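Work out the full structure, taking the sequences as your base and the hints as a guide.
2 protein chains.
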Amino acid sequence: MKIELAEHYGFCYGVKRAIEIAQEHPNSATFGPIIHNIDEINRLDRDYNVGLVEDVEEALKYDTLIIRTHGITRDNLKILKKEGKKVINATCPYVTKPQQIVADMSQKGYAIVIFGDKNHPEIKGVASYSKDAERTYVVLKESELIGKALGTKVAIVAQTTRKPEDFKKIVSFLTTRVAELRVFNTICNATFENQDAAADLAKRADIMIVIGGKNSSNTKQLFLIASSYCKDSYHIENENELKKEWFEGKNLCGISAGASTPDWIIKRVIKKIEELTK
Amino acid sequence: MKIELAEHYGFCYGVKRAIEIAQEHPNSATFGPIIHNIDEINRLDRDYNVGLVEDVEEALKYDTLIIRTHGITRDNLKILKKEGKKVINATCPYVTKPQQIVADMSQKGYAIVIFGDKNHPEIKGVASYSKDAERTYVVLKESELIGKALGTKVAIVAQTTRKPEDFKKIVSFLTTRVAELRVFNTICNATFENQDAAADLAKRADIMIVIGGKNSSNTKQLFLIASSYCKDSYHIENENELKKEWFEGKNLCGISAGASTPDWIIKRVIKKIEELTK
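Protein sequence lines, in the order shown, are assigned to chains A and B.
The first sequence: position 113 = 112 (numbering that gives the first Met the number 0), numbered continuously.
The second sequence: position 73 = 72 (numbering that gives the first Met the number 0), numbered continuously.
Derived by calculation from the structure, the hints in this document are not laboratory data.
Treat each hint with caution, since some may be false.
[What the hints assert, rightly or not] Calculated lysine to aspartate or glutamate pairs in the EDC-like style (CA-CA distance at most 20 angstroms, straight line): (1) A:Lys-168 / B:Glu-179; (2) B:Lys-107 / B:Glu-179; (3) A:Lys-167 / B:Glu-141; (4) A:Lys-107 / B:Asp-103; (5) B:Lys-167 / A:Asp-165; (6) A:Lys-152 / B:Asp-46; (7) B:Lys-15 / B:Asp-46.
All of these numbers come straight from a predicted model, not from anything done at the bench.
In structure tokens:
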């Protein structure tokens with residue numbers, strides 16, 4: 000039985016990096032959950048004494064604070080620094096970039112359009128870097144820009160997880176409404192890479208195991224894609240769900256995992272498959 | 000009988016300005032035809048001794064050369080200046096702008112995309128201002144950009160007379176292919192202004208007279224728009240085609256004119272209508 004991992008799976012680059020940074024800074028706390036996986040948060044707490052705080056008030060109880068991939072608002076960062084906290088920045092570089100673009104472009108007199116969800120922590124952080132809050136618009140649809148004071152120069156960025164097709168609609172709307180539009184494509188393609196890699200592997204595999212929370216929408220999407228190419232596809236949360244009979248008569252077992260599935264869960268699944276099929 | 004001109008009609012701002020400049024510089028020649036109307040070119044020749052040359056060789060026979068609205072290539076401009084000619088620049092400001100943008104952006108390391116017809120004099124001129132000819136692409140469709148070395152930073156401008164909808168398609172294509180796209184909407188809306196104004200007037204008029212060459216596509220378009228709102232619409236080239244009976248029982252006569260129709264032809268038409276209806 001051959002076991003093959005998809006070329007891209009599980010954590011994106013930014014989350015992997017943030018967890019490594021957290022492990023390098025024990026006895027600290029992350030500002031907001033570092034990942035949407037309670038097992039992983041518990042592991043960091045248990046093995047590294049990395050806690051979790053939800054707001055500035057709680058944060059002040061710790062000496063060292065880790066900024067998660069989503070980043071943080073400029074005001075909160077100022078408070079932490081003013082209070083003499085050691086701040087470890089694990090903001091994803093793909094999120095730091097729109098923060099810098101918004102700071103730079105607003106400084107240069109461009110009105111700012113941010114395509115994203117104004118309640119999402121990543122977007123709260125990005126928007127906070129604007130030096131012209133009155134001409135900074137966070138929108139999900141182009142219609143929200145109608146009647147807004149845009150001026151002649153606009154810069155636009157996107158939330159990293161948005162769909163390119165929706166971004167294009169807003170760009171298209173703005174193209175003929177301002178003299179100059181600076182489009183910064185800050186969408187990260189990690190999600191699409193996982194999906195493409197799952198499809199590529201499912202085309203060749205006899206059985207596909209997709210690992211991730213049963214409620215995780217990106218894992219469900221991966222499972223749907225795998226199923227469409229490989230009828231013997233299974234969506235599991237951990238190794239206990241595996242059944243020996245699934246693997247009978249199969250030669251190649253493909254594996255993919257959702258964006259919040261830690262590697263140690265994936266490794267346990269692989270080990271269990273090896274035991275079941277040896 | 001009330002006669003009313005559309006709010007926008009005939010020559011655009013750039014052509015009006017160029018003709019005024021030509022009249023202020025008698026005993027010269029325009030580099031290429033200043034307008035697509037032979038009557039107007041003949042008038043400038045007859046009344047102001049403003050000739051017409053088609054290339055640099057011919058141009059060298061004159062002391063004073065007038066650059067028409069479309070502009071001129073940088074190389075040709077250099078030759079004229081090197082030869083000590085007096086160069087009068089009547090390039091439309093809406094064309095000077097993309098020339099400057101292309102010079103500036105190529106200098107700053109952006110690849111250049113020009114949405115336009117590579118054989119059109121305006122576009123030849125605009126493209127000649129790029130400082131990176133190898134990374135300057137003149138295209139009419141986004142498919143022409145496939146496989147081109149664009150790099151991470153691209154600036155795009157458009158030929159002044161192109162349709163915004165087609166420009167948006169190319170912008171959309173580039174949006175997700177480069178890290179930064181600078182979109183300069185250099186499309187001039189003079190054509191659309193004439194059309195909108197003709198429609199507004201035709202809605203109220205009892206008769207519409209649209210003046211312009213029978214082969215002029217923009218005049219035909221104006222006539223179509225006028226006809227759709229006012230059934231008694233007529234497309235004429237000059238005052239000799241007017242018929243007294245058209246105006247019987249009418250109260251309001253609306254007038255529009257194509258982009259190459261000189262004011263003096265429009266004035267003659269108005270005068271004739273007044274005579275026919277008094």
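Each hint, compared with the structure:
| no. | hint | in the structure |
| --- | --- | --- |
| 1 | A:Lys-168 / B:Glu-179 | holds (17 angstroms) |
| 2 | B:Lys-107 / B:Glu-179 | holds (13 angstroms) |
| 3 | A:Lys-167 / B:Glu-141 | holds (14 angstroms) |
| 4 | A:Lys-107 / B:Asp-103 | holds (17 angstroms) |
| 5 | B:Lys-167 / A:Asp-165 | holds (14 angstroms) |
| 6 | A:Lys-152 / B:Asp-46 | violated (44 angstroms) |
| 7 | B:Lys-15 / B:Asp-46 | holds (17 angstroms) |
The earlier numbered hint that this structure contradicts is number 6, and it is the only one.
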